[in-house]
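Colleague: Once you've looked at the hints, dock chain B against the given chain A.
Number of protein chains: 2
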Amino acid sequence: MENLMRFDVTNERNLTMLVDFYELTMANGYFSKEIQNKIAYFDMYFRRVPDGGGYCIMAGVEQLIQYLNNLNFTNSDIDYLRSKNLFSEEFLNYLKNFKFECDVWAIPEGNFVFPNQPLVIVRGPVVQAQFIETMILLTINHQTLIATKANRICRAANGRTVMEFGSRRAQGYDGAIYGARASIIGGCDSTACTIADKYFHVPAVGTMAHSWVQLFDTEYDAFKAWAEVYPDNCSLLIDTYNVLKSGLPNAIKVFDEVLKPQGKRPTGIRIDSGDITYLTKKCRKILDAAGYPDCKIIVSNSLDEHIIRDVLSQGATIDSFGVGERLITAKSEPVFGGVYKLVAVENNENKIIPKIKISENTEKITNPGFKKIYRIYDKESHNAIADLIALNHEVIDESKPLEIFHPIETWKRKTVTNYYVKELMVKVFEKGKQVYESPSVLEIKEFSKNESLKMWPEILRFENPHTYYVDLSEDLWGLKQDLLHKCIK
Amino acid sequence: MENLMRFDVTNERNLTMLVDFYELTMANGYFSKEIQNKIAYFDMYFRRVPDGGGYCIMAGVEQLIQYLNNLNFTNSDIDYLRSKNLFSEEFLNYLKNFKFECDVWAIPEGNFVFPNQPLVIVRGPVVQAQFIETMILLTINHQTLIATKANRICRAANGRTVMEFGSRRAQGYDGAIYGARASIIGGCDSTACTIADKYFHVPAVGTMAHSWVQLFDTEYDAFKAWAEVYPDNCSLLIDTYNVLKSGLPNAIKVFDEVLKPQGKRPTGIRIDSGDITYLTKKCRKILDAAGYPDCKIIVSNSLDEHIIRDVLSQGATIDSFGVGERLITAKSEPVFGGVYKLVAVENNENKIIPKIKISENTEKITNPGFKKIYRIYDKESHNAIADLIALNHEVIDESKPLEIFHPIETWKRKTVTNYYVKELMVKVFEKGKQVYESPSVLEIKEFSKNESLKMWPEILRFENPHTYYVDLSEDLWGLKQDLLHKCIK
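As they're listed, the protein sequences go chains A and B.
Numbers 0 to 488, taken from numbering that gives the first Met the number 0, label the letters of the first sequence in order.
Numbers 0 to 488, taken from numbering that gives the first Met the number 0, label the letters of the second sequence in order.
A portion of the hints provided could be inaccurate.
As the list claims (entries may be wrong) - BS3-like cross-link-like pairs, simulated, lysine-lysine; straight-line CA separation at most 30 Å:
1) Lys-280/A x Lys-356/B
2) Lys-295/A x Lys-83/B
3) Lys-354/A x Lys-244/B
4) Lys-354/A x Lys-356/B
5) Lys-330/B x Lys-356/A
6) Lys-354/A x Lys-252/A
7) Lys-350/A x Lys-421/A
8) Lys-252/B x Lys-32/A
Honestly, the hints are just simulated from the structure, not real lab data.
If we strip away everything but chain A, and leave its shape as in the complex, we get:
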């Protein structure tokens, strides 16, 4: 075995080297060509909403800030890179003394975001702006994916409690921890992930596993023991043997014998297998008849938004859903396809030169230039009408009507009056210095819930939602056309 330091899941974490190797070969290339300090602009954006949905929920900005604040190449990083025989000493020396100098803008977490609009914009020396690509994508892609999935699931639950239960099936430790964080942002009420509660102050919940029941001689003994330990939080898992023949009768017996004499009420019963609709209806009737109409019915077992909607439409009587693997991995579509593209550079006179990447596929052509996003709201309903991506210097005069149009099918036009606008992006770094403080996770969740009230229900449909308008300003549209025609020549 080599005598080198081994990576340990419990090590201190320096994620600076969590980077695609080509960012390093390119960075070294910029140095060799002496263009490392050329100012570049990159947009991070996505092209498609997962699961055929109409919106995504932005998440991950707080972790992105932490990463950018802690960029730091250790001596062992430098030694490792030197051993590759690819990098110049000048470049390695630069890394050794690395100091982050970029400007960064982001859409704050919890916002409703849409395809083809920048979620993050970076401006700075190309060697730096390029380097941070991997972690920007990794961070925003992951948490936005899970927050969006959680939001769909919570919408299906229609006001009922949703608990995130997925840690054991997450894709890695951060998948569990930040997945729990993003789930709360997306609308979940609580999580089973204890460390997420400790650090993000989001409520952790949990009762018993089948093993508790198995460990005792009988199910009744197991329930009795639990009720004695947790008379104020007595929630029993009733499907280890047989829900209706054994689990529920034993639970009610224990409620009657242990809780009732103390004047306590049971919290709930949980079912983790079998036919949810049938069992919950039966259990509800039996619990009500036994004098426990306040005992909640909790279900778990491979749930997602479709199953939840389906069993509720069949009249299942459920108070609370525990959602595991299908949420924590976004199982139905586990990839969030955010990309990071060069959109402009500055020339020697600090003039912005927009850049475009063309493609056979019209939707894949990038929007060039240094931009900002306006969200346009109706003055009466306060509903969001459209987003307008504009060049950064553009200002909208809210006192005047605003004509917006589809960026490809340009004959689709609309003139908006009686509106106001809000700029979506905030500056989070100014020349490498953090200038934005993230709210707490519960504040973000609350913010996101309020934002949802400003979205037309048509946008929020599970399938075939109305496509929210993300338009380009006249000037940006014109610039794009110019560049396209020049490229094609």
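Modeller: Just chain B, lined up with the frame of chain A:
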């Protein structure tokens, strides 16, 4: 904002509290009932191979060992738990002085593993053996999922190079880092994930992104600059504008003008979009005609085992595949459903009392008792014939014929002669002390490749593979039947 310590992606990592909250409520319950030191046996196993495959590749044991070696509740963990008003001071005091005392067995990484056999067995005080459930599942589920997916993809590539390119679309930072590790175990040749190279000594590779090409005035300038910086590793991305009209001609021009005069050969060209079959065939012909038959063709762009097999069957001329999001998230089936079940306890006389969990679904009934696994090999071909799960005290006499039978359809029987057996599981912890050292990742990869030679090709098919036999010994089968009949009574 609260004045509490905030979790930071760059913090030192103590994953002790990455635990489902119910493990803690149960643990506290065991204390209250004074059964915390009852000796329990848990099996971790899975029930189904993802993607309809015939086998999985075991991975994650090294990280599991690290976690178990570092279980440690800090004062702030204890304070946090106390604030929940659920846990007794006696229990909190126990956590404060926590010392891991369990025995742990595991199947070493890289092994071919199959449904319903234990991958990990834990024996120890129930309070401890229960507590570590979440991290055992999280660790083994994630890495086994990705190693298995990687193995399928590498089999489709049929000896061609496969590079793991997925960091930016991984589900969290560990998803990228340990996903890269598991990809190599599964058979990938290299990864783009730099930190995985630094810590696991698996080769990191990478060249350029589209942004490098865009940054220069022309594609030719960009390629020329690259060839000048990396004359010995000149691999060019040729699809920023148009592969055949612009990318490839510019690449060949640069090979001719920059590399040839230096006596250098190009490494490769990469295509990241468009029709792979058509483009690679065209490119191969043009490169050959231009005098570069040794220039490799590398493709990327949402590849998986099915697309790779498909384009190769159409005659695509590809030397190397870069596989991203569909590998790093196991997109087609992103959940590995490992479970952790109580299978036995010891009574006060240290006698093992087997436990069973029954289910309507026959496949979901657990295998009771403290067990071990024999893999049976044919003495001539050295191919694996079957696995036999036996009670831990059972010994197979290889000199005698061995009758094995299907554990449910028991009339399906076979007598094996001319065989030898190997015990699959190794002891990794003895009363809380590590007694096994993980090989390096490349050693595991090599081991796994050798193991694949001992598997019948019928097991390795992508679809409808032959089901590898995982049978129960006569004694174990009998024990299970006894318990089942007792339960049903």
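Colleague: So, against the hints stated earlier in the document, which numbers end up violated here?
Modeller: 4 and 6
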